[in-house]
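Spelled out, the chains give:
There are 4 protein chains.
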Amino acid sequence: MIVILKKNPDEKQLKNLMGWLESMNISVHPTEGKTHTILGLVGDTSAVDIDLLRALDIVADVKRVQEPYKNANRKFHEDDTVIPVGQTQLGGGVFSVIAGPCSIESEEQICAVAQAVKASGATMLRGGAFKPRTSPYAFQGLRGHGLELLLKAKRMTGLPVVTEIMDLSQLELFDEVDVIQVGARNMQNFELLKELGHTGKPILIKRGLANTLQELLMSAEYVMAGGNHQVILCERGIRTFETATRNTLDLSAVPMLKKLTHLPVIVDPSHATGISWMVKPLAMAATACGADGLMIEVHNDPKSALCDGAQSLTPEAFDDVMQSVNAILPHAFKAPKEV
Amino acid sequence: MIVILKKNPDEKQLKNLMGWLESMNISVHPTEGKTHTILGLVGDTSAVDIDLLRALDIVADVKRVQEPYKNANRKFHEDDTVIPVGQTQLGGGVFSVIAGPCSIESEEQICAVAQAVKASGATMLRGGAFKPRTSPYAFQGLRGHGLELLLKAKRMTGLPVVTEIMDLSQLELFDEVDVIQVGARNMQNFELLKELGHTGKPILIKRGLANTLQELLMSAEYVMAGGNHQVILCERGIRTFETATRNTLDLSAVPMLKKLTHLPVIVDPSHATGISWMVKPLAMAATACGADGLMIEVHNDPKSALCDGAQSLTPEAFDDVMQSVNAILPHAFKAPKEV
Amino acid sequence: MIVILKKNPDEKQLKNLMGWLESMNISVHPTEGKTHTILGLVGDTSAVDIDLLRALDIVADVKRVQEPYKNANRKFHEDDTVIPVGQTQLGGGVFSVIAGPCSIESEEQICAVAQAVKASGATMLRGGAFKPRTSPYAFQGLRGHGLELLLKAKRMTGLPVVTEIMDLSQLELFDEVDVIQVGARNMQNFELLKELGHTGKPILIKRGLANTLQELLMSAEYVMAGGNHQVILCERGIRTFETATRNTLDLSAVPMLKKLTHLPVIVDPSHATGISWMVKPLAMAATACGADGLMIEVHNDPKSALCDGAQSLTPEAFDDVMQSVNAILPHAFKAPKEV
Amino acid sequence: MIVILKKNPDEKQLKNLMGWLESMNISVHPTEGKTHTILGLVGDTSAVDIDLLRALDIVADVKRVQEPYKNANRKFHEDDTVIPVGQTQLGGGVFSVIAGPCSIESEEQICAVAQAVKASGATMLRGGAFKPRTSPYAFQGLRGHGLELLLKAKRMTGLPVVTEIMDLSQLELFDEVDVIQVGARNMQNFELLKELGHTGKPILIKRGLANTLQELLMSAEYVMAGGNHQVILCERGIRTFETATRNTLDLSAVPMLKKLTHLPVIVDPSHATGISWMVKPLAMAATACGADGLMIEVHNDPKSALCDGAQSLTPEAFDDVMQSVNAILPHAFKAPKEV
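Just so you know, the protein sequences line up as chains Y, E, H and C, in that order. Basically my numbering = 1-based index in the first sequence + 176. Basically my numbering = 1-based index in the second sequence + 176. Basically my numbering = 1-based index in the third sequence + 176. Basically my numbering = 1-based index in the fourth sequence + 176.
Check the hints yourself; a few may be wrong.
[Said to hold, decoys possible] Result set (PhoX-like, lysine-lysine): computed pairs, CA atoms no more than 25 Å apart in a straight line: (1) C/Lys183 - Y/Lys251; (2) H/Lys510 - E/Lys182; (3) Y/Lys251 - C/Lys182; (4) Y/Lys239 - Y/Lys183; (5) H/Lys246 - E/Lys183; (6) E/Lys370 - Y/Lys370; (7) H/Lys307 - E/Lys182; (8) E/Lys239 - H/Lys370; (9) H/Lys307 - C/Lys246; (10) H/Lys370 - C/Lys307; (11) E/Lys182 - H/Lys294; (12) H/Lys182 - E/Lys246; (13) Y/Lys246 - Y/Lys510; (14) C/Lys239 - Y/Lys246; (15) Y/Lys182 - C/Lys239; (16) C/Lys251 - Y/Lys239; (17) H/Lys294 - H/Lys239; (18) E/Lys246 - H/Lys239; (19) E/Lys183 - H/Lys239; (20) H/Lys377 - H/Lys246; (21) H/Lys239 - E/Lys239; (22) Y/Lys183 - C/Lys510.
[Stated by the list, open to error] Simulated DEER-style distance windows between Cβ atoms: (23) C/Lys182 - H/Lys328: 34 to 40 Å; (24) C/Glu208 - Y/Leu505: 44 to 50 Å; (25) E/Gln242 - H/Lys510: 40 to 46 Å; (26) Y/Thr264 - E/Asp256: 37 to 43 Å; (27) H/Lys188 - C/Phe252: 54 to 60 Å; (28) Y/Glu187 - C/Lys182: 31 to 37 Å; (29) Y/Glu492 - H/Val258: 29 to 35 Å; (30) E/Asn502 - C/Gly219: 46 to 52 Å.
Everything labelled a hint here was simulated from the structure, so no lab data went into it. Heads up, the beta-carbon is just placed ideally off N, CA and C, and yes, glycines get one too.
With these hints in hand, go ahead and build the complete structure from the sequences.
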């Protein structure tokens, strides 16, 4: 970490700063420049509060040389993390496709979708029981009952299941869930992340709408610091000024995350765009640039056809996406070993 | 609500849509245009899922005519909400200044700051016991013990206290807290908001870093839908591309929120900029454009002076801000009754 | 176009509005709702100033049903535009790779790069003579002399050339240039666009850093309204809060633009990320989701190796990108005819 | 400037880098850290291309210690710049109010507005003759004829005039214009800025929709590097995700710019929000936080009343804004001398 001091720093404040840094076992190496003095900090600086440092009267700026995350950092864990889930795995060369409906609506629905997506090659089943909705007046999910239906579909198809937790009080219901999802809006719900660090379950963290890649990695670090190293990262679009799509899918995040961390990185093209016909080209693009998998909404409601055309695909359209993705897959980007 | 249909909509899907809308007691008034058919929906459309509607195959676009929030909507509650807190109140013509340290560190610290800010005219005391920190390795607050210290300062000074809750499991500790704060990162923690709707306490909701004003109002609606109408909104900066300040304070939010809702609206210039010397001009600007109050970080650590210059002001600098704000206050913007 | 009136609109203002619309040969179809009146406007509404309309006292909101662009609109021109350039073409099933250095530095440099990229399969040569630089103290390009060197490389290799114009006064120098580029910072330099609409040359427009897809299409419309229908659109990253990459490449733009317009759409992964090793995965992703081509920076300076590792690739690295892109190409997304 | 090298940098590339820096008369002071080597660059680094440096293979990161602008930098010009304009001035303690219509429509209109705004206390007249419009089908301004009408209003009222230039070819028409405006979309039209640096006229530069404060200062630097030091900066809202207002007015920019530069800083609340009733509270806020002036749209069309309610105020509403602003003015923020 480098601290750039302002001109003529107050002596007493500088002494205080030096003392504080040394109390954290950080050695300080000053260099006098023409106009500024620079302090090189050597030691474990991951616990140093960079905002606090930057805010000191005598400090002009602070620059990290090392990333603030350790467990998630590829520099310290060169090999890809592989997370076994049921008969399959996340990461380590297996391309995971997690498919299913946005909301679990009925046993008939979730089981039919599960069978369909399995037939098309999905490796895991998703389905929402607890639903984060912007409006208190919108459908909030079947909750506990939804989880039961999801587990029925798991038993019927053998597909491992992924579903979202919204609050710690729900955790006791997640015993048979294979992968616990933390939604974009809870990406910085630090109390939740901490507690999930004490479970033995894989945790899939979705990137928040306005969160940087470093913040996403710090959220993974929260889980990992608790001892749970089974974390999967999911890019699902960020909030920008563009209104043609619901969010802006940031595919640069895929190769960049793969370089910064050893954790599996997947992409959710359904939520990013909110437009069903865009799922296919963006799933193909995500595959091409090296994602470890996809998360795709698939819906099946033959009675009303109300949701045709939503961000959810029909099972037929999903099958078409799978074929296109599978054609790209053998040619997809693989980062060189030495990054 | 207006639904614009695509050209030549599929008959069966249109019939399904009509049936679904009517099942929600919404009457549908179609108008044939030259190229498009428009459906006018009349009835209580606040429960209609606009994203779902927009995603239908036969729908080109959907436009709300009425806002999706009811309890928070000034159209249905013309008079300003006034929230009594101890001997003071939020809203209703009283200008509230909520001041105190970012983190509660010791009894000595919180009591000294409390006395100082009271002397300068603060109406309420703030202090963080549970701290949301980006890094798991950063100080997480004194937690339960911090709350105890805050309540000591309350008893000593008589100032009502505001402090942040991070998880529902902490709620039992908030009995003597006067106003419960929901932080920016939890603005869409819907389970938390729902539960807070069943407390009898005023809830101060900070705008999320990437949340629109409508989303902020919908989060207020979550609390209010549970029966708790004592909600305060706080603008504290949004995330943009600009890097000169930590966030971009959106002061347009103040007059706009005051027009859209009857709830009190306050501004936090400390977190928005992250720079102590900017607190004064932005506090003055927030006052000028009609905010109902301010939330300002004040710190006091004479021993180390470590935090001098942080986003926190010293008690002396806070006193100077108060004088400048008080000079602006009599001339501040007041919205005309009928806007 | 739909105009939603406020409750109880002022009679006189409404009459004025009606008269103004009818003076533009737009017929007005009112529908009385329970709380609002809606006006359906029928006729050529592309000249109606939507901001002006929205700003009227009596208007609650305005909604376009038709896009404000005509010439660029796929609805009115179903077939892909094909732009012949020298022996090659842009669009129409040919995948164009436009490669070359950021700045033209010397005859030796531009000719060496031109030969190298041609050997690897590039279809066109790029090189900057007039350089938009944030700082007045940075190198501003070789300007007229640079253009001469670029044309030498064109004659030597037979590759058509693309280069940026920064001001109308430079236009007379562009006679032998094959494609004129309008840079991101000039995307809304409307005087420049208008004049380029009177040239017979293909115009490549880069998306501005903070411009929506609709604004990009309106800039194309400026050129096309002048009679020049040879316009190519280029996605090159937008400005967001993320700092891990220089800009955020918006690949959703590719399938969305291909749906909205018949013009060729290419992607520049070099400028979007500013990081050379990211060019390959993002070039592959852009190809996979259906781009008509790529624009890639390639540099060659064996003497100093100063720029190794910049956003520019070496010729060897570019050759590797081409092979990976060519492997993806046969499997790339093709939009269904009727989207 | 500080260059942080990657671990074990390639010897030859490091030597090249050292040679290149020394060829620019920059002395290099290396410091060996535990994991990284840091180079301190001493000398005039304003011409060093930071992006190029950052992109080198052996460089991990680069950090400026000094700002890249010199002429605009308050560090080198402590006193506020004062720009005399006719009988008035910009900066130096005079609060400037530049008012007038968006577009000049007729002699009657511009003269009536000019007289009205003068009577209410405006110090300068604005009016658009060349209009940047997103659509080629929208009204493009009266152009040369519009300028003539503006100058008539100037002669009638004695108010100095401000109007926008869109292309260098228009410059010859601006002889009697007092202040030349560069619009937000042309903020990085570097050829235009360079040429305006050779005029003797004050140049008012509006901040681009997605431009940082540093980029705004670099655009000022372009004009100043040509010898013209009469530059005024104007904050007018930036593009964010929020849709409740047209843009997000960034009032933090006012105190921050005043600290970074000695140039006058004004605020345009009309364009920032696009909503007429918001002009008043935001004009008051801009005044409170220390702006040197305001730019406000005022329209006058008694015949049609078509524009009532637009972002333009009526002369009556403008008069009301002036009174409110004048009440705030004596209490406005003044930065301490030593910042």
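Verification of the hints:
no., hint, verdict
1, C/Lys183 - Y/Lys251, "holds, 12 Å"
2, H/Lys510 - E/Lys182, "holds, 23 Å"
3, Y/Lys251 - C/Lys182, "holds, 13 Å"
4, Y/Lys239 - Y/Lys183, "holds, 17 Å"
5, H/Lys246 - E/Lys183, "holds, 18 Å"
6, E/Lys370 - Y/Lys370, "holds, 22 Å"
7, H/Lys307 - E/Lys182, "violated, 45 Å"
8, E/Lys239 - H/Lys370, "violated, 34 Å"
9, H/Lys307 - C/Lys246, "holds, 21 Å"
10, H/Lys370 - C/Lys307, "holds, 13 Å"
11, E/Lys182 - H/Lys294, "violated, 46 Å"
12, H/Lys182 - E/Lys246, "holds, 18 Å"
13, Y/Lys246 - Y/Lys510, "holds, 24 Å"
14, C/Lys239 - Y/Lys246, "holds, 23 Å"
15, Y/Lys182 - C/Lys239, "holds, 15 Å"
16, C/Lys251 - Y/Lys239, "holds, 23 Å"
17, H/Lys294 - H/Lys239, "violated, 48 Å"
18, E/Lys246 - H/Lys239, "holds, 24 Å"
19, E/Lys183 - H/Lys239, "holds, 17 Å"
20, H/Lys377 - H/Lys246, "holds, 20 Å"
21, H/Lys239 - E/Lys239, "holds, 8 Å"
22, Y/Lys183 - C/Lys510, "holds, 24 Å"
23, C/Lys182 - H/Lys328: 34 to 40 Å, "holds, 37 Å"
24, C/Glu208 - Y/Leu505: 44 to 50 Å, "holds, 46 Å"
25, E/Gln242 - H/Lys510: 40 to 46 Å, "holds, 42 Å"
26, Y/Thr264 - E/Asp256: 37 to 43 Å, "violated, 57 Å"
27, H/Lys188 - C/Phe252: 54 to 60 Å, "holds, 58 Å"
28, Y/Glu187 - C/Lys182: 31 to 37 Å, "holds, 35 Å"
29, Y/Glu492 - H/Val258: 29 to 35 Å, "holds, 33 Å"
30, E/Asn502 - C/Gly219: 46 to 52 Å, "holds, 49 Å"
The structure is inconsistent with the numbered hints 7, 8, 11, 17, 26, although it conforms to all the rest.
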